[in-house]
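> Mind docking chain B on chain A? Use the hints.
If you want the building blocks of each chain, they are given just below.
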Amino acid sequence: MAAPAIEVDGARFAYGANEVVKGVSFQVAPGEVLGFLGPNGAGKSTTIRMLTGQLKPSAGEVRVLGRDVHKERSQVMGRVGVSFEEKNLYPMMTAEENLRFFARLYGVAHPDAHIRSLLDQVGLAARGRDRVAGYSKGMRQRLMIARALVHDPDVLLLDEPTDGLDPVSAEAVRDVIRARVAAGNAVLLTTHDMHEADELSHRVAFLNAGTVHALDTPENLKLAHGQRLVKVRVRDGEGIREESVPLDDAQAGARIQALVDGGDVVTIHTAEATLEDVFLGMTGRGLA
Amino acid sequence: MTTRRTREFFARGAPTHAPSRAGIVAAIVRKDLTTFGRDRLWMILTPFALLIFVGIYWLMPPRVDETLVVGVHPPAMAAALKLAMGVAQDDPALTVVPFADVEAMAAAVADADAVPEGLERPLVGISLPLDLLLRARLGQPATATVYVGINVPDEVRGVMATAVREVAATAAGAPLPVALTSDDVIVLGTDRTGEQIAARERMRPLMAFVVLLTESLALASLVSVEVSQRTASALLATPARTVDVLVAKGLVGTLLAFSQALILLVATRAFGPTWPVLLVAVLLGAMMMAGIGMLTGAAGHDFIGTLFYGMGFLLVLMVPAIGVLFPGSAAAWVQVIPSYGLVEAMVGSSVYGLGFADLAGPLLAAAGWVVVVFMLGWWALGRKLVQT
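Residue numbers (the working numbering), protein chains in the order written: chain A, 1 to 288; chain B, 1 to 388.
List time: in silico SDA-like cross-link candidates among lysine to any residue, alpha-carbon distance up to 20 Å:
hint, chain 1, residue 1, chain 2, residue 2
1, B, Lys384, A, Glu86
2, A, Lys71, B, Arg21
3, A, Lys56, B, Trp379
4, A, Lys22, A, Thr283
5, A, Lys137, B, Gln229
6, A, Lys56, B, Thr388
7, A, Lys56, B, Gln387
None of these hints come from the bench; they were simulated from the model.
Just chain B, with the same shape it has in the complex:
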């Protein structure tokens, strides 16, 4: 705030007028953006990272393939298998590909090139003995073989083994003594059958976080250069105060991180009906990264030092986003990581279309962490500037 007394004081000097605090902050922001724009490292890294992430997103399949393709030998057992698995004959969820030859089926499971023309590649191949029905009725043991590819998860292997046993039991006229409800399965929450979240959607928060953190490193680099080259001393020998420098650095860091993350999210069509929630989450993330940039910039004596501290934060803050990528992998303690609320809000809004009411908890937690991290960065950089 410029007071009348200040204006009068400056009026005595010939070419100057009292610079407003906003004018000083704006000048520092402008200078920082100019400096950033001339740093080859960041000017290559930033668009490159964006391009790579957007490219990866659009190259990945847009939806999850929920169809299970099973090869069966002999062909006559195909209908029995569907029946045993409780799937209607015309249900696309399970495609049974009949094979007349066991070797051909095993080869098709192992190698996509070995799949006979016109047939789908089976994920699993089940070879049943030709006399299965007869043996089952006579109560004699029969041997079946299940072929699985190397990428087939354990749970699918288990399901296939169970299905074979059930086929045999049904064939023997002794169906399993279990009664299911008419709906078979009661889904708690939103039934996402046919609407599974694609891997690229799950990757989006991780990508956004890496972009945000990259920009926090850019700010840290600007800060450490300002300190190591002692230009901060020159700044503070003008009417600019420490608080002006801190406000400017906070603005630059937030602006850089927010704009880059925004570009990524727009380019990957992340903004759905609840876009304001996502916008708030990204803004909070950008502010958090600005705090981290100030903190690491003050801690590192040079670019390598800054990178070292920055990578430390990056690895920790990425954990919740990695947890989204691999559902069920995250332990409970992940919830105390500062970025957890941000990731929750980003995923909730962009993937599930949740609004402010649903995401108030994660957003409030994130806002709390933003205050803590930003104040830490503010304090560390302020201390460093005074010591410079």
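This is chain A alone, in the form it adopts within the complex:
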């Protein structure tokens, strides 16, 4: 197995007396997407700020590409692309100027062709010379992705990368992420969209109250913490009744057969647990 691109080992951080990250540990390998899920205030942003070197963990280690982020911040950040949840772009500058500025900070040589290519990838080529102040929320979000990729990083920290995007634009951004993963990027993906996390993530970490409650592949988590059901809708007099049959139940086959033999079946469909169900089941609270 390749050496992890991101390693967080027992990281802790407190704002004054309030400890918000309490010994978080996880790893992300090159070419892997780790979905980093949790409700607001769970410690996701603080963990990301430790990964960008803006916060120093009070205990534990945070390493990117084998280097201590805090001790070698400038070098490490040259290999990391970050897309924040807030659209923190320079509104008085054009998209091209925004990207050129960040390219200079990363030391990208002759960035113009690369910038045009990035704008094309995120569908902003025609608006590249417009000031960001005139951009819609979705356009700003796409520019945020382009900015995170301006220096061709090895590691991506993406905080709600499809927030505010219409389905077509969101899918375009997901395509960009898939392409980067295929090229070997390690991606830490924070999102409230469980469907997106399920679709993009190789593994998912559930963070709640500053600790990682579970870390596994979406399938394993759903299998371990959710229920596989068959939902059968049958006519019941004038109305329709739905019956859920757990597949893990030893009598499941007999029960389904009995419903079918009854002759009044309207529909049968399978239902598996969602990541949100898993999280709710584990923590007793939602992701909002």
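Below, chain B alone, put in the same frame as chain A:
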């Protein structure tokens, strides 16, 4: 400083090379100047302020009118008045305008339009009785009237009253029993008779300070926008460090303030023979304003907050410059205000032509304050950036 290890580390990434600290700072400075150049408020306010100040300077009289014009009735007393005031008959410092009519003289003092053609407008009118000399010799009391305009200062009114008494005493053959030296008055320091400092010269430090402070507000605005829009977070998630951002902001603030103040001082011909002193003073002032810009930018959550704190500094720092405008009005405590040394150096160089040796004290005091203010701004903004 870029190390070999760093270069090797970055060499592994395809399009990047290790950015130097100077390159990062230069990129941030360039970005800030672009942003500043696109802010309509500052792009209107800055040239407008410069234009107004330069216009005011050149519209104001270039020198102080040291001539005192006094109207006298009756005309026969004109020579006696000059004699009484110790002024030679041909001395231009005192012009005596004889009036045959008291009402005409009073009207001329009160209203410039009432001055008879061909005569200068008197600042003061003195009406003496026609039989003054006779009464004086007989020891009888006589009544004289002094007419003054509303703008005549108290001290001039007092001098006129004294002059009238002296005229009477001289006429009575009893000159005042006071002997003055042959030079009349011993001037301590440079005798500026005929070279009084014009009001516009005294206003120049105040104008320069307002321009400097305006640019400190511009920097504060840039900083507060960077913090409130969280672009600072994006900056600090790159190889840029907090210290790079602080250096860049300090440079931008100093550059903006220094260049604007320089334009003002060049346009008002402030640079004399000791121009390097003035240049150093302006540079120190610009650095102080950069510190204040960082401080107020970090303190204010938005433009209004920044303006609030900025105006607080502006009002305090302007006090020494206002003191120059109204000589003698400043109390001793004004000397502890951080801008005092800067104003002293600016006035000393641009008005009196003093050099480094004469102005070492004020310049050193100013430099000390610059360090204090700049470090305060650095600390406040650094803290804010880390918290963003």
